[in-house]
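Peer 1: Spelled out from the first residue to the last, the chains are:
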Amino acid sequence: NAGVTQTPKFQVLKTGQSMTLQCAQDMNHNSMYWYRQDPGMGLRLIYYSASEGTTDKGEVPNGYNVSRLNKREFSLRLESAAPSQTSVYFCASSGLSLYSNQPQHFGDGTRLSIL
Amino acid sequence: SQELEQSPQSLIVQEGKNLTINCTSSKTLYGLYWYKQKYGEGLIFLMMLQKGGEEKSHEKITAKLDEKKQQSSLHITASQPSHAGIYLCGADELTGANNLFFGTGTRLTVIP
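Listed in order, the protein sequences are those of chains A and B. When we follow my numbering, the leftmost residue of the first sequence carries the number 1, and every step to the right adds one. When we follow my numbering, the leftmost residue of the second sequence carries the number 1001, and every step to the right adds one.
Just chain B, same shape as in the assembly (with noise of 0.2 Å):
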């Protein structure tokens, strides 16, 4: 199985400012998934990537997958108060079984 670590644990900026999560695996990864989760409820799907070198957007949310698929970045610019909360990244393992493997999270304060 593969195993994803996140980087920081935490983070607090203040409105306004740029931030980056970092999410690492130790193997290839086939499809790498990011979620936002608010406090007692659901993930909610920001953007999936699976090519190499692959980069989406949406809003201010900008994910990227290097080239050797082995770590990806989410980058949020002038982060605002909504943008608070858990993110996670998942990835696949096998293309077709579509099983998750997650990390274990960032939790992003944004101060107003």
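Looking at chain A on its own, in the form it has when it is part of the complex (with noise of 0.2 Å):
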């Protein structure tokens, strides 16, 4: 079982470059996060999506976009990276029920610097 995929798994920016960090899952799961996980402050959400359509901002969304291009993929883009977004990038996803929340799976993170 794949679960959630993350691509790619390391990548070196300058300063003002773009990139797109990819996320896909395999678990039929309608709700899809992204983190980033900086030492000694934990994981941050940045953004998330319910639902296949929709997509919210978290704690930190300022300087990233996404899209949820359809039920198995959430992108991540730094349209002007920055050293501050310097970071481990983490994907999750989980399930819907009616009755409880579901736990978060996550991907084996991104790693990002920008220099």
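Don't read these hints as lab results, they were simulated from the structure. Among these hints, one or two may not hold up.
Covered stretches of chain B (in silico footprint by chain A; criterion: 3 or more residues with CB under 8 Å from a CB of chain A, positions within the stretch not fixed) [stated by the list, open to error]:
(1) 1021-1033
(2) 1042-1048
(3) 1101-1110
All of these numbers come straight from a predicted model, not from anything done at the bench. From the three backbone atoms N, C-alpha and C, an ideal C-beta is built for every residue, glycine too.
Both chains come to you apart, so use the hints to assemble them.
Peer 2: Okay, structure coming up:
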């Protein structure tokens, strides 16, 4: 089972360059998420998509855009990369239940460095 | 938004010892999730707790949520080197939204 797949795994960019991080899940999940993980700050939610066709801002959305391309795919775009966006980016997905929330399943992350 | 405090920030134990990691919130937790992360890898889901007083176990790991649903503990019995990693707690803000807030993690080292 592939689960949540993120590409690329590593990337180095120069300040001002643009980049799209790709995420795909094969678990037929409705909801998808993008987080960034920084030392001492834990994981912070950037954007999420509760269902296909909808996206919403999380805790730290500035400097990012997202696209929910279809049920499987949720991409994160940096239009003009800044050194402050150097981080590890995680994509996650979760199913839908009427009675309780479902755990999120995470990809292996994209390690992004902005020079 | 909720804030989650984890303690300790790091822990070094001898193989075979028991240990406990705590996760505390100032607000009532609607759902509490424990994850494990190995260096350079993604988060692996361990357990989810939703009811006050709930306790779940998997192999040598037990997680509990207190009755007030503001504190959770993760207990590892007879630790092994394979338990080493970063343990993160995450919590739901609202049922339905399913957006998680995470603690900063506890780094566990198990010395053989």
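Peer 1: Each hint should be assessed against the structure and marked as holding or not.
Peer 2: Tested hints:
Counting residues of the stretch 1021-1033 of chain B whose beta carbon lies closer than 8 Å to any beta carbon of chain A gives 3, which reaches the threshold of three, so the coverage claim holds. Counting residues of the stretch 1042-1048 of chain B whose CB falls under 8 Å from any CB of chain A gives 5; the rule of at least 3 is met. For the stretch 1101-1110 of chain B, the assignment as covered by chain A holds, since 5 residues bring a beta-carbon within under 8 Å of that chain's beta-carbons and 3 suffice.
Every hint, counting from the list given before, is met by this structure.
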